[in-house]
Structures are given as structure tokens and as C-alpha cells.
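From first to last, the protein sequence lines are chains F and W. In terms of our numbering, the first sequence has 85 at position 80, counting the first letter as 1, and numbering is strictly consecutive. In terms of our numbering, the second sequence has 246 at position 244, counting the first letter as 1, and numbering is strictly consecutive.
These are computed hints drawn from the structure, not numbers from a lab. Nothing here was measured: the structure is a model prediction, and the numbers come from that model. One thing to keep in mind: the hints can contain errors.
[To be verified] Listing some non-contacts, in silico: residues in chain W with all C-beta distances to chain F over 10 Å:
(1) Phe77
(2) Arg109
(3) Glu189
(4) Thr200
(5) Thr263
(6) Glu272
(7) Arg274
(8) Ser275
(9) Glu289
(10) Glu291
(11) Val295
[Said to hold, decoys possible] Taking CB as the label site, the calculated pair distances span:
(12) W:Pro252 <-> F:Gly185: 17 to 25 Å
(13) W:Pro110 <-> F:Gln158: 56 to 64 Å
(14) F:Arg32 <-> W:Pro110: 57 to 65 Å
(15) F:Asp108 <-> W:Asn190: 25 to 33 Å
(16) F:Ala213 <-> W:Asp141: 53 to 61 Å
(17) F:Glu215 <-> W:Ala138: 45 to 53 Å
(18) F:Asn30 <-> W:Pro252: 30 to 38 Å
(19) F:Arg230 <-> W:Glu217: 30 to 38 Å
(20) F:Glu212 <-> W:Pro252: 49 to 57 Å
All C-beta atoms, glycine included, are put in the ideal place defined by N, C-alpha and C.
Below are the chains, spelled out letter by letter.
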Amino acid sequence: MAVVEREHAAVEVVDLGTTSLRELNQRLHDLAGGAPGARHFRIVNPSGAHAVACGLDAEIEVEIDGHVGYYCAGMNKHATVRVHGNASTGIAENMMSGRVIVDGNVSQSAGATGRGGLLVVRGNASSRCGISMKGVDIVVGGSVGHMSAFMAQTGCLVVCGDAGEALGDSIYEARLYVRGSVASLGADCIEKEMRDEHRRQVAELLEASELDADPAGFRRYGSARQLYTFKVDNAAAY
Amino acid sequence: MCGIVGLFAKAPGIEERLGEHLAAMLVQMSSRGPDSAGVAVYRDPAPSGASKLTLYSADPREHWGAVRDQLHEAFGACEEPSVRASHAVLVAAAEAEDADAWVREHRPDLRAMSAGQVIEIYKETGLPEDFARAFALEDFRGTHALGHTRMATESRVTTEGSHPFSTGLDLCLVHNGSLSNHNRLRENLRREGIEFQTENDTEVAAGYLAWRLREGASLERALEGCLDDLDGFYTFAVGTADGFAVLRDPIACKPAVLAETDDWVAMSSEWRSIAVLPGAADAEAWEPEPGIVYAWEKALV
Chain F
6 MAVVEREHAA VEVVDLGTTS LRELNQRLHD LAGGAPGARH FRIVNPSGAH AVACGLDAEI
66 EVEIDGHVGY YCAGMNKHAT VRVHGNASTG IAENMMSGRV IVDGNVSQSA GATGRGGLLV
126 VRGNASSRCG ISMKGVDIVV GGSVGHMSAF MAQTGCLVVC GDAGEALGDS IYEARLYVRG
186 SVASLGADCI EKEMRDEHRR QVAELLEASE LDADPAGFRR YGSARQLYTF KVDNAAAY
Chain W
3 MCGIVGLFAK APGIEERLGE HLAAMLVQMS SRGPDSAGVA VYRDPAPSGA SKLTLYSADP
63 REHWGAVRDQ LHEAFGACEE PSVRASHAVL VAAAEAEDAD AWVREHRPDL RAMSAGQVIE
123 IYKETGLPED FARAFALEDF RGTHALGHTR MATESRVTTE GSHPFSTGLD LCLVHNGSLS
183 NHNRLRENLR REGIEFQTEN DTEVAAGYLA WRLREGASLE RALEGCLDDL DGFYTFAVGT
243 ADGFAVLRDP IACKPAVLAE TDDWVAMSSE WRSIAVLPGA ADAEAWEPEP GIVYAWEKAL
303 V
């Protein structure tokens, strides 16, 4: 038993300079459903490869040393994925649960359509961060680009810096918290009162993200519920 | 989808191996553009009083010596041609405009891919890796270069439809994206005297920049004009005699990443191309913001 524990505590290093991406992802997929194997991976030399650590479905920890390409940690379930670098388009897109933490900046559509879990970006996120988010929580240490939280359905987007143009355009029920300036609000997105329950929520998300910011400094934005989809007269159209 | 790469040397070691680095970057973008590839390399300035043309011939047995003799006769002097695959560089004792005009008039079977003091443009259909080998990119020394891998959407896969496009003397444009108002804009530019040789949308953007520059706009102003006058998706990289500039449309669907070290500045559609450069792991890297012109120029010495 002691041997097994030691195996589990060990970090397995995978070099993407010498191991194919498919082989790496297959090894990670083989751990789904609690199958035996290493529980902690360190991936080196990602060199901007796409789809690194995609589709994970196990309570494992994956650390990536370097910058990754598109769709890293997409569809993540249960796993914790840490990127010690920048990530390109679609980091943690459609994540279901678990955690994805990026030390650097991320490109567009971070956390797109995410249904659960927590995405933390310590740097800046580019345009369309949290587009169509459906329950994921996203915390950004820096700023987010234009059209962030476009058609966001539920979940929280916390931005410690500024937000670009058209924040929350056509938003449904997601909550948006921004500490800095908002260049402009999108269609049907309005500022809302920041009550104690909201400050508590921001405090919890910041703590979970290991980011230091005063929850009292944030403002809340959400849906005015005035667009077509919110009119009962149009309910029959669906 | 297409791939764009750009490399600007800040250190002599990078200038020495510019072509080798450019080829490595280009090959990384093969999956974004497998049908054609091209580069613009800024190198070996023509001596004072002379200028440089990069000519393309569809005839694989083109007799470049005869072209050289014709230019020699027309302008009094022309160096021996430097031939790479379907292209040849000729340095003639003429103003670049005059040499370019001469080719149009006397050798309409050839195509001047570039004209100027320092620019050389090479482009061809096929995989980037095959292109890099056929044109021996690894031999190039130079100050800076742009490259493009094409996945055609708006026009046919031809050598002429490949990028970079010349936008004037020592100027070129590479493009990732597609323009939707290129037909109307082409007609408007034709009325201004700008010539077009293909149905390609990027050639229209190149023509637009050439027109704005001809009318006296600075490169930065000309690029900013794109934000108002071009409809569509684009990440542009523009090469000049002294450096290059990058612009993304305001929607910014088309990717771009910039990176800089003490030795180089690089741009690419994806990090994969930059990861192959020396010292990339420690480079400062960022995504250019939409609608902002980023430019690097070599200090004139």
C-alpha cells in the first residue's frame, strides 16, 4: 500500500518534444473513472500545441510548463489543469467541472460555453471571454477584451481589471463583476445593485482563485431582461 | 484560414540566419495553409542608382540570361540574375518604377512580384515545406521578413494568388482572413489608376494601401484607413524597407500573437511558429489588440 501511495504522490513528467500529443491525451483519458495510474502530471515543451490535456475526466492534476495553443483543457471534468504560461484561443472551452488556472494571458473565447468548474486567468483575457457561458465561473486577474460574456447564460465572470466594448451583450442570467472600467455595455446589459450576497460571492471566487482584491471595489452587471427572448408573448416561438 | 509569420532581427546573429528561422516558422503554419506559401525578404540593398526586381515566370525553362540582357540594353547595366525555382532577382541600373514599367511593357509574360531597393518576394503553390526547400530559404540573410501559408477561400490556388502581395516599392502585404467588399473596392481603385492582375481579395487590400500611400498617407494612416474602408476579416502584416507593421480588424476573429526578445521581434498567427525561435521560452509575448497598428522599424544608420 505504501508503494501505491508513493506512486500516486509522484509527478509523472511528459515531454511533448518527444511524446506525441495523441499519446499524452490518451494516457490522461485512460485515467477516467478512477482507473489506476499517476495522479499528477507535468507536461514540458508544449510549444504552442493545440488541444493539450483536452477531455479529461478524472481527479488528477496536470501542470503545463510553457505556452499552449488552441482549446487547452477543453471539456474538462474533475481535473485541475495549470498552465504556467499563456494560452491561445478557447482555453477550457465547454469545461464541465474541475479547475483550469493560467498564469499568463489567454486569447479569445476563454471558457466559452463552460457549464461548470472554475477558470482562473491571472493575466489578461482577450475578446469574447466567457462567450455563451452556461454555469462556469471565470475569474480574470487582469482585463477582458470586447464582447466578453456575449449571450452568457449562467455562472459568474469576475474581472479585476477593465472590460472592453459591449460587455454582456444579449446576456441571460449570468452575473458579471468588474472592478475597473467598462468600455461599453452590450445590448440589454445593465449595471445592477451590488448587495452583500454579491460581495460574498465575489470574495469566495477571489479566494478560490488565490487572487487578492477587495470585493467592495467591484460593480455588478447583468441582464435587463428586455430582449425578445424575455417577452412572454414570444414564448410560443420556442 | 491562413498562416502569417513575420521576423524582425534586432541582433546580427538573427540576420545571419534569417532565412533558416523564417523557414522553420513557415513550416509550423502548414496546417493553416497547405495550398501555397510565400515570403518577402528584406536583404542585400541594391547599390545606389540601381534597383531590384523579383520576376516570376510560369515557364520552368525561362531563359533568365536573355531577360538580363534585355534589361542591360534598356538601362545600360544589369547584374547577372539570381535564380530560385520559378523566380529570379535582377538588379538593374534604373529607378525601380522604370524597371517595373519596362517589364510590363516589354515582357508581359513575366510578372514582377516585387520592385524596390531591398525587397524580394517569392511565392508558389504547394506545401510550405516544399516551397522552403525549392527556394532554399535557409540561405537568406536579411534584416526582416514576412511569410504566408495560404488556404484559399476567395479565389483560385495560383502562384499569382499567393501572398505576399506587393503594395508599392519595397512594400508588401500578407493577409489572414477574407474581405467582403473587394469587388466594389477594386472598381473604385481602378478608377484611381490602381492596376489589378487577379480576382484575389488581398490584392485589393494591397491596392488600397498602395493608393493611400500614393496619396501621401503615412503607412500608419494608410493602415488605419483599412478600419473604415475594408469590410471583412483580417490580420494584416505589412513589410516596409525598414520594418513591419501589424493590424487586426476591429472584430479580431483572426488570430495573431506578437513576441519580442533582445534579439528579435516576431509575429505569427499562432505561438507554434514563434516557439521554434531561439530564446522563445523567455520572450515577452502578447496578443495585439483589435484595430491598433503595431509597427517596428530599424533605426536608420
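Outcome of the hint check:
no. : hint                              : in the structure
1   : Phe77                             : holds (47 Å)
2   : Arg109                            : holds (43 Å)
3   : Glu189                            : holds (32 Å)
4   : Thr200                            : holds (30 Å)
5   : Thr263                            : holds (14 Å)
6   : Glu272                            : violated (6 Å)
7   : Arg274                            : violated (4 Å)
8   : Ser275                            : violated (8 Å)
9   : Glu289                            : violated (5 Å)
10  : Glu291                            : violated (7 Å)
11  : Val295                            : holds (17 Å)
12  : W:Pro252 <-> F:Gly185: 17 to 25 Å : holds (21 Å)
13  : W:Pro110 <-> F:Gln158: 56 to 64 Å : holds (60 Å)
14  : F:Arg32 <-> W:Pro110: 57 to 65 Å  : holds (60 Å)
15  : F:Asp108 <-> W:Asn190: 25 to 33 Å : violated (48 Å)
16  : F:Ala213 <-> W:Asp141: 53 to 61 Å : holds (55 Å)
17  : F:Glu215 <-> W:Ala138: 45 to 53 Å : holds (52 Å)
18  : F:Asn30 <-> W:Pro252: 30 to 38 Å  : holds (36 Å)
19  : F:Arg230 <-> W:Glu217: 30 to 38 Å : violated (50 Å)
20  : F:Glu212 <-> W:Pro252: 49 to 57 Å : violated (37 Å)
Checked against the numbered hints given earlier, this structure breaks hints 6, 7, 8, 9, 10, 15, 19 and 20; the rest are met.
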